[in-house]
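Peer 1: Chains as they are written, first to last, in the working numbering: chain A, 769 to 1105; chain B, 769 to 1105; chain C, 769 to 1105; chain D, 769 to 1105.
Hints listed in this document are in silico derivations from the structure and should not be mistaken for laboratory results. Keep in mind that the hints are not guaranteed to be accurate.
No copy labels: a pair is met if it fits in one copy or bridges any two.
List time: in silico DSBU-like cross-link candidates among lysine-lysine, alpha-carbon distance up to 35 Å [claimed, not checked]:
#, residue 1, residue 2
1, Lys916, Lys1028
2, Lys828, Lys852
3, Lys1028, Lys828
4, Lys828, Lys916
5, Lys970, Lys1028
6, Lys970, Lys828
Predicted model only: the values in this text are computed from it and were never measured.
4 protein chains.
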Amino acid sequence: MLVVMQQGATDEQIQRVIDRLVSLGFTVHRSTGVMHTVLGGVGPVEDMDPADFEVMDGVKECHRIVSPYKLVSRHFRPQGTVIKIGDVEIGGDHVVTMAGPCSVESREQIECIAAIVAAQGAKVLRGGAFKPRSSPYSFQGLGEEGLKLMRAAADRHGLLVVSEIMDHTQLPMLLTYADILQIGARNMQNFNLLREVGRVRKPVLLKRGISATIEELLLAAEYIMSGGNYDVILCERGIRTFETYTRNTMDVSAIPVVKKLSHLPIVGDPSHGTGRRDLIFPMARAAVAAGADGLLVEVHPDPDHAASDGAQTLNPAQYAEMMQQVRSIASAVGRSA
Amino acid sequence: MLVVMQQGATDEQIQRVIDRLVSLGFTVHRSTGVMHTVLGGVGPVEDMDPADFEVMDGVKECHRIVSPYKLVSRHFRPQGTVIKIGDVEIGGDHVVTMAGPCSVESREQIECIAAIVAAQGAKVLRGGAFKPRSSPYSFQGLGEEGLKLMRAAADRHGLLVVSEIMDHTQLPMLLTYADILQIGARNMQNFNLLREVGRVRKPVLLKRGISATIEELLLAAEYIMSGGNYDVILCERGIRTFETYTRNTMDVSAIPVVKKLSHLPIVGDPSHGTGRRDLIFPMARAAVAAGADGLLVEVHPDPDHAASDGAQTLNPAQYAEMMQQVRSIASAVGRSA
Amino acid sequence: MLVVMQQGATDEQIQRVIDRLVSLGFTVHRSTGVMHTVLGGVGPVEDMDPADFEVMDGVKECHRIVSPYKLVSRHFRPQGTVIKIGDVEIGGDHVVTMAGPCSVESREQIECIAAIVAAQGAKVLRGGAFKPRSSPYSFQGLGEEGLKLMRAAADRHGLLVVSEIMDHTQLPMLLTYADILQIGARNMQNFNLLREVGRVRKPVLLKRGISATIEELLLAAEYIMSGGNYDVILCERGIRTFETYTRNTMDVSAIPVVKKLSHLPIVGDPSHGTGRRDLIFPMARAAVAAGADGLLVEVHPDPDHAASDGAQTLNPAQYAEMMQQVRSIASAVGRSA
Amino acid sequence: MLVVMQQGATDEQIQRVIDRLVSLGFTVHRSTGVMHTVLGGVGPVEDMDPADFEVMDGVKECHRIVSPYKLVSRHFRPQGTVIKIGDVEIGGDHVVTMAGPCSVESREQIECIAAIVAAQGAKVLRGGAFKPRSSPYSFQGLGEEGLKLMRAAADRHGLLVVSEIMDHTQLPMLLTYADILQIGARNMQNFNLLREVGRVRKPVLLKRGISATIEELLLAAEYIMSGGNYDVILCERGIRTFETYTRNTMDVSAIPVVKKLSHLPIVGDPSHGTGRRDLIFPMARAAVAAGADGLLVEVHPDPDHAASDGAQTLNPAQYAEMMQQVRSIASAVGRSA
């Protein structure tokens, strides 16, 4: 904790800050500059809120110097994390594609998609069974029946299953059917849910909230890891900006930033990242070029009649074309796809 | 649904859009302009995603013309909603103050605060029992014990209790102790939770998400109301912007906008809205001047030693001073406080 | 300058940072903590970019501790600045209203408006002669003729004139006709223009850029003051956020923040701040309640036929009503209006 | 212009909107739906502000259906624009690199950089002679002397020159020394400057403002083209978001969006787009993978001692490495670099 006093701060004000730091268990170093006194506090308490000091009289600003996260830090595992699920490795040389519909709609639909994406090299089947829609009057998903259908289709085609858990009460059900538990953008800071998935031993795909910073994403991952579940895959899926042409702005730079700050693998989701089918190709290429360990993409046999998110969904021919382009880029950065 | 075709869209492209609208149950009006053909679709389906049409060939843009919300609309109850809980009215002439600590910490603390805020005219005691902190290593709240302490203190001082529900499994517990169920900013789009609180008959205080638009806030309220629970109080508590001096930017204009679009009452939270104790006074005044039906503010006997959020918390003397200023402003806009 | 080294930074990395600080003229203090080494640099160079250090090997983060501005700082003139122009004081007890059309359109129009706003207590006539429109096909203003008309109308009604300078080549013309030089949001960081208006002795009204932070606004004011022109009035006129109902989000909290950090007066512009006529009343009240020293508001005899910005313009009756409400609020905060 | 009336709008309110549309020269179609009346206006006036109608009584919303831009539209030149300057083509198969220092500092510096970047395949030398710095106390550039040095160095190495014009009074000077006139992000909406560069016949590199939407960028280009200068190169250089790890968030998706909406070439600037040297490689790769026609990148013989922007500047070895990676990606998307 570094507390910078205002120019002209009184001795009394400085002493009050020192006292408070000491009372919190910090050892304090005082260094007096020409204009500012700076107090450096070293101590056991790592989750202090700098704002608590910034509102004290005479304080100019305050900086926390210990990272608020530890287990997710690159420092913790410099060589990087490769998550192995069966014979699929996420975080290794192969760029893993997770593809499927927004919502599971029927046996035929999910079977058809599983066949298509498996044939094109996807390793993981994605699909939603519980659909948190922003309108209460929209299709809400097939529920457990959807999970069953997805599991069966995945098994027939040698795919893993990733599906979203909305709520910690769904954990037993998801553990039964899914290989990877997806935490959606809206739940990125649902700390109860993070804590519960931290207690199981099943990989988690954690999506960045639409207004979350990278630090907040990493801190959410820390929540999970602090429970003992170290298999966390991060996902960049677009942040909210003032640009309106795209649904979100896919922050491609988050991919190399995460690779630098953390050892965890990160995948890109150009479907949600853009909200537009016609932007999935270039943004899938960009994500892989920037170092993504995988892609999450929506595919449907007939996107125009998808129950949800059709606008950001590829049809099978488009998916095949995307995979070809992605393989080209992966190869240009020394990876396979 | 209005679909505007691109200049030069072919008849075939236009027909494909018409066919799709018809297949979804819309009646379609076609109007051909000098440069653009516009298709107007009137139909039963109200939650179409305009993006589904915008990605079709030949389409320039698409607008939904029915509001995605109905029950929250001012149209639904033009005279406005006044929520009565005991003898407290929220949405009437009196500006209701809800005050208390960020977290309930002990019997002494909550008792002391309840006495202070009741003496200064607060009607509702606020306080958190479950604290969703962004670091897994922070204080997480007293749980049910905190709710009990808050209930007892409130009863002794004739106050109502508002406290946050984190999760639908906590509903029975919250119903036992609280008069108003608070839904936090991070849960504004936790649709499972919204649905569950929509099924009970207990007022809900719904906070705007930090990156939510006003329409999204209203739609979240619609979720609750669509379950039959019409007693929803909205809360403006700051949105994330690129300004860094304040923790959030309190969108004061959201208050009159909500009053215009909806019949629901809205309160302002200058503690979270700014994140800084020294800004609570001016922003409380601003919120009331702009038409807020109430205020939510953090008060602690000793903010410097509060377990959480001390930086945005008033001490008792400051709270008294704030109330005096707020009464002055309320009176200037023809209300009491 | 505080440079925090990463955990595990090598002596060589630390030495390289020290060498660089020393070569830039800093005196360096090194303090070694359990986890981090912190280097404090005190020196003559005040505009270092912390990012220059943050990209060095072994550096975790870097903070500048001297404010990038000096003359605008509250510290420089703790009692606050009152700008006197004739018998008008901006920054004193009286909340000064500056009102008028977006664009000067004709002699009749500006004469009519001047009469109206003077009668209602405005002290300054605002109006644009050069209109920087985002479409090249829009009305671009009357130019010098507009300034002449505005000057004449203002003189007849005892008003001051504020008008926007688009470009430093217009300075002689504006100095001839205006009492206050307005710098628009888009020019807030037009440093050539800031430098030129800093060289004259004429008050400047500096509007916050739509994506500028408060610090950037203050730094732009510093540019002007560093040239010797100390009469700078700041203006909060809305920032861009993801809210779409309002054209901009008026950051009311910027008003008390500026009052705290700086001695300069600040006014609020609810017309541009919201983009909607129906929000001008509540936001004018909120701005004054939060401590604004004045208001800038658009008024037109017939807003529906204004050449520009009609949607955010009041008609004369509305303006009179607004002034009455504003006087009520001003009185509630111990001021006149 | 489509005006959607509120549910329950009165005939009088509808008539008032029709009258206003007619008075503005529109032909009006009225279509009455079950819930909403929609008025379609077709007319000569293309720069109406929808907000002017949205504040009228009884109006729910208003949409402009003619694009506010014409000349920049892909429709205007479906095959795309290739700008030829000498034997360099921008917008063709070759991805053009523009490289050089943030500021020209000395003859030796610019000569050294020109030699290096030419050897690595850059076609254009970039460098600033006038530096608009956010602090008035920072280095402000060498001025005309800098342009002379850059011209000489570029000529010696067969490079073109791109340099920023700050102000329309600098136009004659820039026309003398530069092959491409750069308009910086802060000047993207300096309409006087846009108009002046629209009158000359010299290619313009137009950078996106940090809070500009893509539509606003295109409209700024329209300003230039409406003067007759059709050689406009757009540049994505990062937008402001709430992410703080990067200086800006480079909106890679803007590249394919611009390619779709417009025929103009677009380049990416990973130096400003990220503000961090260590992110230039992945973001240069991502930009080219997403379809950028070129790159703008900062290079300096000794970035740690650059007069400005050192943190986002590559050294010569890094530049060579970046070019190799970029060539790999360009080849993967069927282009050269």
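Peer 1: Does each hint fit the structure? Answer for all of them.
Peer 2: Hint by hint, here is what the structure shows:
1. Taking the shortest alpha-carbon separations for Lys916 and Lys1028, neither the intra-copy value of 38 Å nor the inter-copy value of 41 Å comes in at or below 35 Å.
2. In this assembly of identical chains, the alpha carbons of Lys828 and Lys852 lie at most 35 Å apart only when taken from different copies (31 Å versus 48 Å within one copy).
3. With identical chains, the CA atoms of Lys1028 and Lys828 are at most 35 Å apart both within one copy (31 Å) and between copies (12 Å).
4. Proximity of Lys828 and Lys916 under a CA criterion of 35 Å is satisfied in neither setting, with 58 Å inside one chain copy and 40 Å between copies.
5. Taking the shortest alpha-carbon separations for Lys970 and Lys1028, only the intra-copy value of 25 Å comes in at or below 35 Å, while the best inter-copy value is 42 Å.
6. When the C-alpha separation of Lys970 and Lys828 is checked against a cutoff of 35 Å, the pair qualifies only between copies, where the shortest distance is 32 Å, while the shortest distance within a copy is 45 Å.
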